[in-house]
Amino acid sequence: MSQSTIIWVANRNQTLNDSNGTVTISEDGNLVVLNVQKQVIWTSNVSNIASNTSSQFSNFGNLVLLESTTGNILWQSIQQLSDTLLPSIKLSINKRTGKNVKLISWKSPSDPYVGNFSCRTVECLNIIEVFIWNGTHSYWRPGMVGSLLAYIQ
Amino acid sequence: MTVAYFFGFRVGDGGQGNIDMYYTLQNDEEFLICHLTSQGNLDETRWDDEKKEMKVTGTSRESECDVYGLCGAFASCNSLRSPICSC
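Here the protein sequences come in this chain order: B and P. Under numbering that gives the first Met the number 0, the first residue of the first sequence carries the number 0, and numbering increases by one thereafter. Under numbering that gives the first Met the number 0, the first residue of the second sequence carries the number 0, and numbering increases by one thereafter.
By construction, these hints were calculated from the structure, which means they are not laboratory data. Among the hints, erroneous ones may be present.
[Unchecked claim] Derived DMTMM-like pairs: lysine to aspartate or glutamate, alpha-carbon spacing no greater than 25 angstroms straight-line:
1. Lys50/P to Glu29/P
2. Lys37/B to Glu26/B
3. Lys54/P to Asp110/B
4. Lys98/B to Asp19/P
5. Lys101/B to Asp19/P
6. Lys101/B to Glu63/P
7. Lys89/B to Glu128/B
8. Lys89/B to Glu29/P
9. Lys94/B to Asp12/P
10. Lys101/B to Glu29/P
11. Lys89/B to Asp42/P
[To be verified] In silico negatives: residues of chain B with every beta carbon more than 12 angstroms from chain P:
12. Ala9
13. Asp17
14. Val39
15. Ser46
16. Asn47
17. Ala49
18. Ser67
19. Asn71
The beta carbon of each residue, even a glycine, is placed where N, CA and C say it ideally should be.
The task is simple: from the sequences and hints, build the whole structure.
Below, the structure written as structure tokens:
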């Protein structure tokens, strides 16, 4: 039997208290998760959406919210990384602003709430490395994982 | 601009101050993801097309000594010894 692998969770910090959640497109055009009382638990949070929107799921695991008429992407799940790196998705750090896109671990194997560990790129003396951090401390510098980390070392 | 390339993994200057790291798939049959576990290990997981399931094919932490700075600045680490840190 194959077991499914969770690669992204919308409401990882806004827990539903039961299994009666709904995913839908709200009146303001955003993708939302609602609880059983129809309260918004999570939203894609795009402001001033002018036209009708629809949602698509790509072969590579990207959930997209787009303008129905133009096909313009308004929001996509890969902007908000979870604990999983997918093909063609960039971990990045901006040298000027310090803004980074990183992986953040789950709190436990069964709890997607934001956990202690993060994985991000670091530039040090012009060498780019990938570090895993435990909170604000560098925890581990990858030695070897398959092809990825054999290179990054 | 990409400054390095290895088995589909690329690291480099993405322009506008961005330093990027990403990978692309080599062919249609291949699918792999990298997953940061709640214990702080980075696992490489590949699709096994025969068994129709995702399978962990590599993990970042092969020994306790892979934890950065575990023994401090003046000791060396050997996971086959007990204790693992020695001067």
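Outcome of the hint check:
no. : hint                : verdict
1   : Lys50/P to Glu29/P  : holds, 14 angstroms
2   : Lys37/B to Glu26/B  : holds, 13 angstroms
3   : Lys54/P to Asp110/B : holds, 21 angstroms
4   : Lys98/B to Asp19/P  : holds, 12 angstroms
5   : Lys101/B to Asp19/P : holds, 11 angstroms
6   : Lys101/B to Glu63/P : holds, 24 angstroms
7   : Lys89/B to Glu128/B : holds, 14 angstroms
8   : Lys89/B to Glu29/P  : holds, 19 angstroms
9   : Lys94/B to Asp12/P  : holds, 10 angstroms
10  : Lys101/B to Glu29/P : holds, 24 angstroms
11  : Lys89/B to Asp42/P  : holds, 17 angstroms
12  : Ala9                : holds, 18 angstroms
13  : Asp17               : holds, 23 angstroms
14  : Val39               : holds, 27 angstroms
15  : Ser46               : holds, 24 angstroms
16  : Asn47               : holds, 25 angstroms
17  : Ala49               : holds, 28 angstroms
18  : Ser67               : holds, 30 angstroms
19  : Asn71               : holds, 21 angstroms
Hint violations for this structure: none, all hints satisfied.
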